[in-house]
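Asker: Residues per chain are reported as follows:
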Amino acid sequence: DGGITQSPKYLFRKEGQNVTLSCEQNLNHDAMYWYRQDPGQGLRLIYYSQIVNDFQKGDIAEGYSVSREKKESFPLTVTSAQKNPTAFYLCASSGSGWEYNEQFFGPGTRLTVL
Amino acid sequence: AQSVAQPEDQVNVAEGNPLTVKCTYSVSGNPYLFWYVQYPNRGLQFLLKYITGDNLVKGSYGFEAEFNKSQTSFHLKKPSALVSDSALYFCAVRGLTGGGNKLTFGTGTQLKVEL
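Protein chains in written order, with the working numbering: chain A, 1 to 114; chain B, 1 to 115.
These aren't lab readings, by the way, just hints derived from the structure by calculation. Honestly, I wouldn't trust all of these hints.
Taking CB as the label site, the calculated pair distances span [claimed, not checked]: (1) 115(B) with 56(A): 42 to 48 Å; (2) 58(B) with 44(A): 26 to 32 Å; (3) 41(B) with 20(A): 46 to 52 Å; (4) 59(A) with 39(B): 35 to 41 Å; (5) 15(A) with 80(B): 46 to 52 Å; (6) 115(B) with 28(A): 42 to 48 Å; (7) 53(B) with 114(A): 21 to 27 Å; (8) 51(A) with 62(B): 43 to 49 Å; (9) 86(A) with 5(B): 23 to 29 Å; (10) 28(A) with 29(B): 26 to 32 Å; (11) 26(B) with 18(A): 35 to 41 Å; (12) 51(B) with 7(A): 31 to 37 Å.
As the structure is a prediction and not an experimental result, all values here were calculated from the model. Note that beta-carbon positions come from the ideal geometry of N, C-alpha and C, so glycine has one too.
Between the sequences and the hints, there should be enough to build the whole structure, so can you do that?
Answerer: Okay, structure coming up:
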């Protein structure tokens, strides 16, 4: 998990609340990503950012929002519009030469909606 | 659209025996292929990748993978399994065209190594 931190490790949310998941990296990577992991479904891309102040929707962006104001940080907000937010959320980053460079993952945040 | 298939949800192997975790892919153009491992409640750890060159790629912890273009496969292998290899394994692919800056992951294969 080296170089990428996610907080909190566990997060509980009441229905109708927005919550923000933190992701910070000290690897000097340009690109950052958010994935959602559900049992038996692998990882699905929510949003990604290749450079500061720019980000792109992934495959399941509805109900989520992100910002990329600093190179080191890529927070994810899970809004009340996300109908089934309970999942394990993983943040990742990769260096220049994104085509062939592997992604480095954080330890994850497990979000549970009460 | 690019895709990855891991046909086995679970693979069981005895410690000391060779192991294979299967992966097939579909992508436009030449693929970039990756294997990751995940231990319970942890993030993914990179094992190895194929970009170009030798079809047999060696990675971390004694793992290797063989790229087979004609069969569009990238199976993960290890000559002698350890109990500590028990984990969830993901294959991923990135295509040179159409995939953008996105990795597509398979659904994962749970490896269980028993004494």
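Asker: Please go over all the hints and tell whether each is borne out by the structure.
Answerer: Comparing the hints with the structure gives:
Remark: the range hint 42 to 48 Å for residue 115(B) to residue 56(A) is upheld by a beta-carbon distance near 47 Å. Separated by about 30 Å at the C-beta atoms, residue 58(B) and residue 44(A) satisfy the suggested range of 26 to 32 Å. At about 21 Å, the beta-carbon gap between residue 41(B) and residue 20(A) misses the expected band of 46 to 52 Å. Our hint of 35 to 41 Å for residue 59(A) and residue 39(B) is violated, since their Cβ atoms are close to 25 Å apart.
Take residue 15(A) and residue 80(B): their Cβ atoms lie about 50 Å apart, and the range 46 to 52 Å holds. Between residue 115(B) and residue 28(A) the C-beta distance comes to about 43 Å, which sits within the given range of 42 to 48 Å. Hint check: residue 53(B) to residue 114(A), Cβ distance near 51 Å, so the stated range 21 to 27 Å is violated. Against the hinted window of 43 to 49 Å, the Cβ-Cβ separation of residue 51(A) and residue 62(B) comes to about 37 Å, which falls outside the hint.
A hinted range of 23 to 29 Å holds for the C-beta pair residue 86(A) and residue 5(B), which are about 26 Å apart. Between residue 28(A) and residue 29(B), the C-beta spacing of about 29 Å keeps the proposed range 26 to 32 Å intact. For residue 26(B) paired with residue 18(A), a C-beta distance near 37 Å keeps the hint of 35 to 41 Å intact. Here the CB-CB span from residue 51(B) to residue 7(A) is close to 33 Å, well matched to the stated 31 to 37 Å.
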